[in-house]
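There are 4 protein chains.
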Amino acid sequence: GRPLHFILGPCVIEGEDFVLKAADRVASIAADLGVPAVFKCSFDKANRTSASSFRGPGLDEGLRIMEKAGAATGLPLTTDVHLPSQCDAVAQVIDVLQIPAFLARQTDLLEAAAAAVLKHGGAVNVKKPQFVAPEDTRHAVEKLRGAGCDRVLLTERGSAFGYGRLVNDFTGLAVMASFGVPVVFDATHSVQRPGGATTGGNRAAVPPLARAAVAAGVDAVFLECHPDPDNAQSDGPNQVDFKDVPDLLRSLVRLREVVLNLH
Amino acid sequence: GRPLHFILGPCVIEGEDFVLKAADRVASIAADLGVPAVFKCSFDKANRTSASSFRGPGLDEGLRIMEKAGAATGLPLTTDVHLPSQCDAVAQVIDVLQIPAFLARQTDLLEAAAAAVLKHGGAVNVKKPQFVAPEDTRHAVEKLRGAGCDRVLLTERGSAFGYGRLVNDFTGLAVMASFGVPVVFDATHSVQRPGGATTGGNRAAVPPLARAAVAAGVDAVFLECHPDPDNAQSDGPNQVDFKDVPDLLRSLVRLREVVLNLH
Amino acid sequence: GRPLHFILGPCVIEGEDFVLKAADRVASIAADLGVPAVFKCSFDKANRTSASSFRGPGLDEGLRIMEKAGAATGLPLTTDVHLPSQCDAVAQVIDVLQIPAFLARQTDLLEAAAAAVLKHGGAVNVKKPQFVAPEDTRHAVEKLRGAGCDRVLLTERGSAFGYGRLVNDFTGLAVMASFGVPVVFDATHSVQRPGGATTGGNRAAVPPLARAAVAAGVDAVFLECHPDPDNAQSDGPNQVDFKDVPDLLRSLVRLREVVLNLH
Amino acid sequence: GRPLHFILGPCVIEGEDFVLKAADRVASIAADLGVPAVFKCSFDKANRTSASSFRGPGLDEGLRIMEKAGAATGLPLTTDVHLPSQCDAVAQVIDVLQIPAFLARQTDLLEAAAAAVLKHGGAVNVKKPQFVAPEDTRHAVEKLRGAGCDRVLLTERGSAFGYGRLVNDFTGLAVMASFGVPVVFDATHSVQRPGGATTGGNRAAVPPLARAAVAAGVDAVFLECHPDPDNAQSDGPNQVDFKDVPDLLRSLVRLREVVLNLH
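Chains as they are written, first to last, in the numbering used here: chain X, 168 to 430; chain W, 168 to 430; chain E, 168 to 430; chain B, 168 to 430.
To be clear, the hints were calculated from the coordinates, so they are not data collected in a lab.
All residues carry an ideal CB built from backbone N, CA and C; glycine is no exception.
It cannot be assumed that every hint is accurate.
[To be verified] DEER-style ranges, computed between Cβ atoms:
#, chain 1, residue 1, chain 2, residue 2, range
1, B, 182, W, 364, 54 to 60 Å
2, E, 259, W, 417, 57 to 63 Å
3, E, 169, B, 227, 31 to 37 Å
4, W, 417, E, 363, 52 to 58 Å
5, B, 369, X, 424, 57 to 63 Å
6, E, 363, B, 241, 33 to 39 Å
7, W, 231, X, 424, 43 to 49 Å
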């Protein structure tokens, strides 16, 4: 019976002090509940709706800050990569390289991530693209395995459902798990409402979806959390307030216990 | 903390003896687990893919058999209605009149069901059409309430997702609950694969979906079950074998306990 | 090289005088352009969003008015049927019985329409449900043929695409034509925006969609038209103003000529 | 009345001789019909389903071959770019830089393409992602314009419709045109059937879809064509045989004439 894992942290690096405080908060929540947690924060939001939106501090400064957060808390780290050329530097600092959904079919990015992880340790977490069926995520897994990387995770974050809306197909979780990889449920991006001048979201739907995913059998939950979501510099409408995280996690852990005792 | 309710039974009336045995089995499962259950069976499959498929015994004979099953077990009963002219007779025997998803926008059928239930007692359970958003199910609720019927349920059974496939939007459950009605999750029809010569299904997905729905907060679970699903006369690929029902229900009840203790 | 056919008329019977004027207008447009036209108007809108919306004059009064419109103009007539019990009376007056999309899987309605048309003459036009793949419309065709009716049409009116939106799959037109039936493109309901308090629409998209459908090879175009669409009692947002109909039809006829000369 | 433009050529560079012959064939088809044509071929298929699939000759060799094809035929050229670092070199040889649909939200790629085109001349053609609404393609247009590039095209190539299937929303063409850019219809990728071990397709649907798009008002048609599609090294199931191209183009030109005379 493996315990439920969590990937927690703000959407984007809003400054060094901001990140250190957020990592500290994640660490103490995880310690209080006795759950394994990975700290997540992005150095670059490379596909914002508008070119003038805040993107983050960039690779070098971002990695410097993340390294500090990892050292201060002892938490494993994750962040997303956008170009093959970033992977080696990222893997020197970050434990889990996350492949953004839009980029999950870019062979070179997957192979660079695999090579970097082989060299520096760590794992690769591929987000299921919104336009790809669960059964077709096996091609990404095979590309990574073909490049020598066996530490692979897959993340469900919704499928395109008409325009401006995503839907989670909970029958797909078992399909992805059948490829022999841990499956993560990204409750934050699953409630995005893409479209319009900025991407919106439906934060209220995060807890029921996360609970449903755990009951359906996922291995980990990804949740973006923020000390003040309504003023977040990215993805505010779907990040969870840090103060609401402990109760939510507690309920997920309890559901996990029921699931582990099913068989 | 309301207990989870169940709607259980075979898809279609395959004969009197068949129905009496099935109702007996539902009754003993419910008694063993101490859960409230309604017995479901259809007298007519009015929208089969092919005109030559088995449709059931029809209204009169179907009601006769269902009445006997109710009397023998004490279980409340549910079945679907297809025409306004059927509602009064059905409501004399059946407790919960079920409005098929395809017919949930037919004003006359809703009003006839409301009138029948007002006269003879009972409730109306409207299945969310595959082509209707959760927020738009309130129109069906309003049509029923406008006709004087306050005992209304809504059932999630999947939304059209491309061709030949349904998907459950678990963010819609709270939307439907916000209209002040109990929400049922129909795990059986949610895994249908419409299309082809006969409607297919994905029985293996029933348990994880049912668990997800309970964790997300539904009030009841609808499960078609059969003593020999592979030889069922309708909807075989998505009915659950009676022998697997107790374990599945037990897990759902445990998940419900976690959900009830959330707040 | 069959000429393009048209099905034209207002959504719902808004009174006798209204219908007679509308039929007259359809007749003179058809005569001016030398195109075959069928006059369409509904006696009952049986699936309105709200129970308090205008539904029309009902069966008897509706048929009386339609019969008068047919006699005055010589136009063939079409209207929709909602219950098996309506089909015989309707077929005595109406040439083309239209099966609403939501009801296209109701075996009894199809069989009653087939029987009525066999007895009184005419044809049955089945609207492809929003939740059915083009290849699966053959089941409706087979039900009708199995009941002895060979004069069958299929109508494309959009498929569910997420919530509140339809999309036309123009690759489906050839699939439906392959069943040996004329294929109609319903430009009016294809631009519906279902959902909300009343169904909305996008009238501006009617001409480009109708042109696209003709270029893709449909045999007929269905267009609801009204003398004052913004004040129509039903489906105003997607009906075309009568004054814009001749130019639109003229362009469709010219496109049809190109298509007929393709091979 | 602008004439219809065409973007024609094989999916991927299968060798120098192959490309020179293909470009010659495109040039003579265009000359025979008197239509403006751009020659298309890819130097790298960067998002193949499988890592072991043929990807093409790569950037340097690919540009060398394309330059030769352009010099031999006088045709303008187009190809796709995958990384910001490729744009400058590509724009030195290629007239229209094509942004793949999956990458159309990557701000850096759009800005690098804009800068390269500003420096070396040419235009940027953005493919509408399968997961983006037509109205939201304006963000890509604005990113390019914000970076100083006014020569922008948008290409429709289908939207995700359930799993493994795309659908063209022909109401979206006018929406994209409203941003003041020419709209291209990619008939080849619109009929892709993504999913499975290799991406499939439905070549028979290319002509009706292309005709529909022209009738709906697009400015250009993109068609991949090949001397032997069934043995193509990529996208065989949806490329058109060169021998069928002249007749198809002729019918599109005739439809365009009708559309140009509409107003």
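Okay, the hints, checked on the actual structure:
1. The hinted range of 54 to 60 Å is not satisfied by residue 182 (chain B) and residue 364 (chain W), whose Cβ atoms lie roughly 46 Å apart.
2. The hint said 57 to 63 Å for the Cβ distance between residue 259 (chain E) and residue 417 (chain W), and at roughly 59 Å that hint holds.
3. A C-beta distance of roughly 56 Å is found between residue 169 (chain E) and residue 227 (chain B), which places it outside the suggested range of 31 to 37 Å.
4. Judged by the Cβ atoms, the range 52 to 58 Å given for residue 417 (chain W) and residue 363 (chain E) is violated: they are separated by roughly 42 Å.
5. One distance hint, 57 to 63 Å for the beta-carbon pair residue 369 (chain B) and residue 424 (chain X), is violated here, with the actual separation near 48 Å.
6. Checked against the given bound of 33 to 39 Å, the beta carbons of residue 363 (chain E) and residue 241 (chain B), roughly 54 Å apart, lie outside it.
7. The beta-carbon spacing between residue 231 (chain W) and residue 424 (chain X), approximately 47 Å, falls within the hinted interval of 43 to 49 Å.
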